[in-house]
Amino acid sequence: ACTMASLKRPYGVGCLVAGTDESGVHLYYNCPSGDYFECQAFAIGSHSQAAKVCLEREFETFNDRSREELIQRALLAITETLRWQGKEFDSSSCTVAILGENESFHVISRSIIEQLVDSSKAT
Numbered sequence: 001a002c003t004m005a006s007l008k009r010p011y012g013v014g015c016l017v018a019g020t021d022e023s024g025v026h027l028y029y030n031c032p033s034g035d036y037f038e039c040q041a042f043a044i045g046s047h048s049q050a051a052k053v054c055l056e057r058e059f060e061t062f063n064d065r066s067r068e069e070l071i072q073r074a075l076l077a078i079t080e081t082l083r084w085q086g087k088e089f090d091s092s093s094c095t096v097a098i099l100g101e102n103e104s105f106h107v108i109s110r111s112i113i114e115q116l117v118d119s120s121k122a123t
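According to the numbering used here, the residues represented by the sequence shown are 1 to 123, in order.
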């Protein structure tokens with residue numbers, strides 16, 4: 001008896017996985033199909049193409065930016081995606097985490113996210 005059929009797309013979930021090793025920081029996308037690849041400046045989810053465009057537009061300047069500016073760029077990408085959905089950005093629906101060389105994973109507080117969003121609106 002056949003235990004598998006290839007009639008439909010497999011059920012699955014996509015996720016971004018970040019980590020570090022001796023060669024640096026890495027970001028991987030695990031596709032719902034089971035494939036995975038290394039990426040940079042990437043977004044997944046509903047209307048993620050708008051976020052990808054926003055991130056890719058300035059990707060070449062990322063090495064010259066401060067951490068705060070990079071977070072603001074990521075938040076701007078989320079804001080652009082929400083705009084496509086007719087929604088407004090709300091810091092309570094967003095979590096920002098940092099992982100870097102010689103820096104362990106940690107989550108940034110909501111108050112800092114709100115400050116960064118407010119300062120990016122002012123510029």
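Hints are computed from structural coordinates only; laboratory data are not their basis. Treat the hints loosely; a few may be bogus.
[Claimed, not checked] Label pairs and their computed distance ranges (CB to CB): (1) Ser33 <-> Asp64: 15 to 21 Å; (2) Pro32 <-> Ser93: 30 to 36 Å; (3) Pro32 <-> Arg67: 17 to 23 Å; (4) Ser119 <-> Gly14: 28 to 34 Å; (5) Pro32 <-> Ser66: 31 to 37 Å; (6) Ser33 <-> Ser120: 23 to 29 Å; (7) Arg57 <-> Val107: 33 to 39 Å; (8) Ile112 <-> Val25: 30 to 36 Å; (9) Pro32 <-> Ser119: 21 to 27 Å; (10) Glu88 <-> Arg65: 30 to 36 Å.
Owing to the predicted nature of the structure, the values given are computational and were not obtained by experimental measurement. Every residue, glycine too, gets a C-beta built ideally from N, C-alpha and C.
Hints and how they fare:
| no. | hint | verdict |
| --- | --- | --- |
| 1 | Ser33 <-> Asp64: 15 to 21 Å | violated, 36 Å |
| 2 | Pro32 <-> Ser93: 30 to 36 Å | violated, 22 Å |
| 3 | Pro32 <-> Arg67: 17 to 23 Å | violated, 31 Å |
| 4 | Ser119 <-> Gly14: 28 to 34 Å | holds, 31 Å |
| 5 | Pro32 <-> Ser66: 31 to 37 Å | holds, 35 Å |
| 6 | Ser33 <-> Ser120: 23 to 29 Å | violated, 35 Å |
| 7 | Arg57 <-> Val107: 33 to 39 Å | violated, 27 Å |
| 8 | Ile112 <-> Val25: 30 to 36 Å | violated, 21 Å |
| 9 | Pro32 <-> Ser119: 21 to 27 Å | violated, 36 Å |
| 10 | Glu88 <-> Arg65: 30 to 36 Å | violated, 25 Å |
When each numbered hint is compared with the structure, violations occur for hints 1, 2, 3, 6, 7, 8, 9, 10.
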